Amino acid sequence: MSILTTSTGGPTPVRILAPDGSVPDGYRPPLPDSELLAAYRLMLMSRRVDERAFNLQRQGRLGVFSPVNGQEASVIGSAFALDPTRDWVVPQYRELPAMLRQGYTLERFLLYCMGDPEGNRMPDGVNLLPIQISLAAQIPHAVGLAWGLRHQGRDSVVCVYFGDGASSEGDFHEACNLAGVRRAPVIFFLQNNRWAISTPVSKQTGADSFATRATGYGFPGELVDGNDFFAVHEATLLAVARARAGEGPTLIESRTYRMGPHNTADDPTRYVDPEELEAYRALDPVARVRSFLLEAELLSEELEHRMRAEIEEELAAAVAAAEARGAGRPEQIFDHVYADPPPRLLDQRDAITGEAQ
Amino acid sequence: MSILTTSTGGPTPVRILAPDGSVPDGYRPPLPDSELLAAYRLMLMSRRVDERAFNLQRQGRLGVFSPVNGQEASVIGSAFALDPTRDWVVPQYRELPAMLRQGYTLERFLLYCMGDPEGNRMPDGVNLLPIQISLAAQIPHAVGLAWGLRHQGRDSVVCVYFGDGASSEGDFHEACNLAGVRRAPVIFFLQNNRWAISTPVSKQTGADSFATRATGYGFPGELVDGNDFFAVHEATLLAVARARAGEGPTLIESRTYRMGPHNTADDPTRYVDPEELEAYRALDPVARVRSFLLEAELLSEELEHRMRAEIEEELAAAVAAAEARGAGRPEQIFDHVYADPPPRLLDQRDAITGEAQ
Amino acid sequence: MATLNMVQAIRATLEREMERDERIILLGQDIGRNGGMFRATDGLQERFGEARVVDMPLAEGVIVGSAVGLACSGLRPIPELQFLGFGSQAFHQIEGQVARMRFRSQSRYPMPIVIRAPFGGNVRTPELHSDAHEAKYANSPGLKVVTPASAHDAKGLLTEAIRGEDPVLFCEPLRGYRLIKDAVPDEDYTLPFGRLRIARPGSDVTLVAWSAAVVVAEQAAELAEQEGISCQVVDLRTLVPLDVEGLAKAVSATGRAVVVHEAPLTAGFGAEVVATIVEHAFSALSAPVLRVTAPDAPYPFSSLERAYLPSAERSLGAIRRVMGAA
Amino acid sequence: MATLNMVQAIRATLEREMERDERIILLGQDIGRNGGMFRATDGLQERFGEARVVDMPLAEGVIVGSAVGLACSGLRPIPELQFLGFGSQAFHQIEGQVARMRFRSQSRYPMPIVIRAPFGGNVRTPELHSDAHEAKYANSPGLKVVTPASAHDAKGLLTEAIRGEDPVLFCEPLRGYRLIKDAVPDEDYTLPFGRLRIARPGSDVTLVAWSAAVVVAEQAAELAEQEGISCQVVDLRTLVPLDVEGLAKAVSATGRAVVVHEAPLTAGFGAEVVATIVEHAFSALSAPVLRVTAPDAPYPFSSLERAYLPSAERSLGAIRRVMGAA
Ligand SMILES: Cc1ncc(C[n+]2csc(CCOP(=O)(O)OP(=O)(O)O)c2C)c(N)n1
Ligand SMILES: Cc1ncc(C[n+]2csc(CCOP(=O)(O)OP(=O)(O)O)c2C)c(N)n1
Ligand SMILES: [Mg+2]
Ligand SMILES: [Mg+2]
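Protein chains in written order, with this note's numbering: chain A, 304 to 660; chain B, 304 to 660; chain C, 36 to 361; chain D, 36 to 361.
It is worth saying that the hints were derived from the structure and are not from the lab.
Just so we're clear, the structure is a prediction, and the values are computed from it rather than from any experiment.
Hints may be right or wrong, so weigh each one.
One-sided and incomplete, this derived list gives chain A residues near chain D with beta-carbon spacing under 8 angstroms [to be verified]:
no.	residue
1	Leu438
2	Gly473
3	Ala499
4	Thr572
5	Tyr574
6	Glu578
7	Val622
8	Ala624
9	Arg628
10	Ala630
11	Gln635
12	Ile636
13	Asp643
14	Pro646
15	Arg647
Interface residues of chain C toward chain A, partial, derived using beta-carbon atoms under 8 angstroms [as the list claims (entries may be wrong)]:
no.	residue
16	Met36
17	Glu81
18	Arg82
19	Phe83
20	Ala86
21	Pro92
22	Ala94
23	Gly100
24	Ala102
25	Val103
26	Gly104
27	Leu105
28	Leu110
29	Ser140
30	Pro145
31	Arg198
Between beta-carbon pairs, the in silico distance windows are [unchecked claim]:
no.	chain 1	residue 1	chain 2	residue 2	range
32	C	Ala86	B	Ala654	22 to 28 angstroms
33	C	Glu200	A	Arg331	48 to 54 angstroms
34	A	Arg331	B	Pro314	56 to 62 angstroms
Ideal Cβ positions, reconstructed from N, Cα and C, are used throughout, including at glycine.
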């Protein structure tokens, strides 16, 4: 069973922005031009971080890193439908641009990749939960968060990201079911990038779409072309509106493709069919937005050049700042374990940090 | 949200046998008369065991017991669609008649209720897994069993029972999803008896039917009136045929009603609306089959009387036999823990059984 | 000062704390209309409404997992596991999430969550309901593990747990719910974590226990008394934090110790107690520290549980052994 | 006799056993086409087909839970947890089902299941991948817990596990996959469970360890040697069953012991080792038995793991203390 974006089996994902950058006649993006450009800039940033992080990792300057490559429209199109001042993002680990959009910083992300726990400290006031490694474990958190905010009279919406792989975990089901019962203002944003490391989606599920699962929980599911910034964005806007209005959760299946390796330790040539990969390259989500913006004359080569230069600077500054902090300090092992640490732990701290001195 | 059998919201359960015992014109049950009578007899047996077990429990002669009351058509209608010589039943804990149909014995069941582990020993050659207390944990087992039998070339079908409550556990989802991928010959038989102890199904899920969940796993779901022996039976026959033919799993939602308490420790007057209970009493699954059989002249008052007398005898014999065995022996704590028990455990056995002597 | 049983003390504490702090919200199976399987939340839904006393779907993972999110939103959730044995369904959320979210988020998201869970045997429950899993949670850093043995302590420790900022697994002895009754002050009070209680003074052997096993230790002490052996009974009250100093002191005073607990021997928390005593009071020991526990077998079916669980008689055997008298 | 690293020894053993017994079937994430994250199943799907080497959906609960059903059908499944840390997602299936099905069914359904799981630190994995959870499983009766420290032992113990009738949690040291290399006989052999190995002879102090910590203990023994302290290193090989007699004998020979392990101190399996030594070799002890472990904090992010994990230096500190020299 194939559920490629290009396949004809199963439901067809909603698409607005064609691979050549064209949109249906009369379609007007729901974002102001400045936001469109900001979104595009974030796409460029994301691609650049992917490259740079890989290099740094190869040089031993970063630990494991998972690139976003191929999923920029999916991550950024959805994030731009949220209001960072009141809405929340609950990430898995492959959603850096959505996190940046909320107010996370590159420097912290690099620290995170360097294995410093401070890197997973979301800045105060930034509506973000930390990066989650235990797949799907964040989904129940998102439901609780959405429910809790609503309980306290806030009009916030929570968008939780997770992969096709993570959707097989029991946590996905339990969370969706609870959200349906409580009509929690949460968006389950499932990035079906066709792979869970080496496991293709055909071995992940026998269904021809994940979006249909929503019915079984009593709320709507939407299937969109995840390489289409507008389709993703519109579907998320709708879901945000529903959630904000108290109409409960939405499940969005964003059908995209992981164009790079799973992470810096992975060798996808062992399992990815190169022809399939080529087919998806033609559906590149960043190129599509670029064509659209050029066509609409919102973007020029020159503006893009400027953007790239800025990004380069920002990134260099972030790398420098993160590296200047240096590796972790042994005290950090103990610093945030308990509000009120057991004396035994304090003794252990003294022993370990004492020795390290 | 109400998903009563009688309600009009959501999908309507398939019904064949009306509450007055009538069937649609020309309907012919797919079972020979002898089997119909056997099924009815098992219904009577089940009701009688419910009563008797409650009395024994009140006298301190049995431990916790969960009655089947109200779910006889659901449990027996499905079990009669299986071939006990090759098909398997994987129970939760409220499916005694299905277990008896497979070849389990009343005596063992009483032992089980008396807290003797021997009672959960399924007789050799009987295609049954033990009673499961950890809700939903048996569902993955059923999928593995179905897959394993198929792997070994057997044409067996596995029917796993679980409740509306259990369906909220992650195990349900993980198991359905795997079964969809592997097209395992398994029937997910969800008894929606409207309650999980005191939790009504409206707090269990936001969906208006559980059957719709099947789509999200790539296989069919059926919703049937679980108080209708024929509807349950036909749906299960269909599912068995599909599974046997290699077409994979089916999810059956059997919408029924728990007419008694959750178990001997439960006080349903704390939470059950007496009017609702009355409404369901009018839909009694046993009375319906009885009316049908009387109308069809397969059953007479006299035959029924004989059946009841036989049942009484069987039950009395089983109680006597179980009680004759007496309470558990301390060695039983150690007997079946390992094939190859650690010496430490053997020392512990000697210490404990030695002291008990 | 009223005499309450344990479940009454717990219920009263929940009510008092919910009055005091409206951020508290209770989650669990059958806790609302039904008031909990053992009535620990009886009447609380009527009193505080369905928004604060929430009957949850039957899924331990999301009962605990949503509590993490509720805590991130600023609330103070008190999820109930209907039985500690079903905490295994939520184990990844408890050890991997609740226990670590403070560290993972570097204190941006503290986890003021109290997970209540009845456990322990001799009440003829079906399989898996009575298991004593405390050691598994004690080996999950970031979590505190609290195990009261009296109604008085249940109130003081639960109040402390609820008002604290750290996540707590609050283990309630099933057998004690109605059997354990003692004087509970009406006014608010907290008991600090990590301070054991001397439940009975004695000079020859120190018996160490927690939760329902404290009663067994006390019975064993009675039996030993009749043989002229004076036993001190220590109730640990909390396993994490462990009162290392208090334990060393208590054992040093007698030079002999026996640990009694309901979990299986191997890697049960009794091992930690012995290892701690050995590290901190070795020179005072005049006999090996022994453990009286369940055997390394699964919690059995109900007809076997009496033989399975540690008894006063088995404890007496160990007491005699450490006294060199057997 | 070839020199193999640990992952090669494991892969070769799986291949050999699958050849021998067609009831064996492997289940796990990324074990097929990709050959496993660490290549422990490299080429096995090609060799034995997709029906016997099965890439599973990303759900540990059903990877283990379906293995229970496969075993009921008469097969001998070998599920892999990609990392032991994610065993928590399957904890209810492991401790509640795999470990108890033999008892629950009174031997009608034996569970010849070997759950393979890499674990352990110092390889810069992301959070939750390196956790040493062995004590939680050791406190789950019905299960055996096996922890090889050499390629040779990995083969012998894995063969024993696969051919046995009891469920085994087979813990493989991540750090050792490529670093640990030793001579592995070509022919089949099994190593009995519950027999420890003296990894290094010595007369002053007994160091007890398992899995990757054996290497740390050996390094500590080297350091101690330079100070004139002779350390015996004991590799437990299996935690359940525990070689109680062997342990007592080894420690009795030196009168001093230090346990080294990667899990947090409190309720780690080191506690069991100490408690067992105290019960069975108390009179031979001339110093407290000490533990060198991770602190009671969650496994940290990678830049901190070196300080977190027990080191040869920290072990040396404990050795000096039991020698009365610090
Ligand atoms: C509970 C759990 N099991 C296994 C892993 C190991 N693992 C890390 S990423 C990954 C694949 C994730 O796939 P998906 O959810 O589709 O996300 P993607 O990487 O495609 O973004 C696996 C198996 C994990 N991190 N957590
Ligand atoms: C994992 C788990 N959680 C909680 C319980 C306690 N419990 C026993 S029966 C029950 C309700 C079950 O409801 P349902 O699955 O609908 O089955 P029914 O009793 O209605 O047949 C609960 C919560 C349990 N046995 N297992
Ligand atoms: Mg994916
Ligand atoms: Mg039910």
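So, going through the hints one by one against the coordinates:
no.	hint	in the structure
1	Leu438	holds (6 angstroms)
2	Gly473	holds (6 angstroms)
3	Ala499	holds (5 angstroms)
4	Thr572	violated (11 angstroms)
5	Tyr574	holds (5 angstroms)
6	Glu578	violated (16 angstroms)
7	Val622	violated (16 angstroms)
8	Ala624	violated (16 angstroms)
9	Arg628	violated (10 angstroms)
10	Ala630	holds (5 angstroms)
11	Gln635	holds (6 angstroms)
12	Ile636	holds (5 angstroms)
13	Asp643	violated (13 angstroms)
14	Pro646	violated (11 angstroms)
15	Arg647	holds (6 angstroms)
16	Met36	violated (29 angstroms)
17	Glu81	violated (19 angstroms)
18	Arg82	violated (17 angstroms)
19	Phe83	violated (13 angstroms)
20	Ala86	holds (6 angstroms)
21	Pro92	holds (6 angstroms)
22	Ala94	holds (4 angstroms)
23	Gly100	holds (3 angstroms)
24	Ala102	holds (6 angstroms)
25	Val103	holds (5 angstroms)
26	Gly104	holds (2 angstroms)
27	Leu105	holds (4 angstroms)
28	Leu110	holds (5 angstroms)
29	Ser140	holds (5 angstroms)
30	Pro145	holds (6 angstroms)
31	Arg198	violated (11 angstroms)
32	Ala86(C) with Ala654(B): 22 to 28 angstroms	violated (53 angstroms)
33	Glu200(C) with Arg331(A): 48 to 54 angstroms	holds (50 angstroms)
34	Arg331(A) with Pro314(B): 56 to 62 angstroms	violated (39 angstroms)
Hint check: violations occur at hints 4, 6, 7, 8, 9, 13, 14, 16, 17, 18, 19, 31, 32 and 34; the rest are consistent with the structure.
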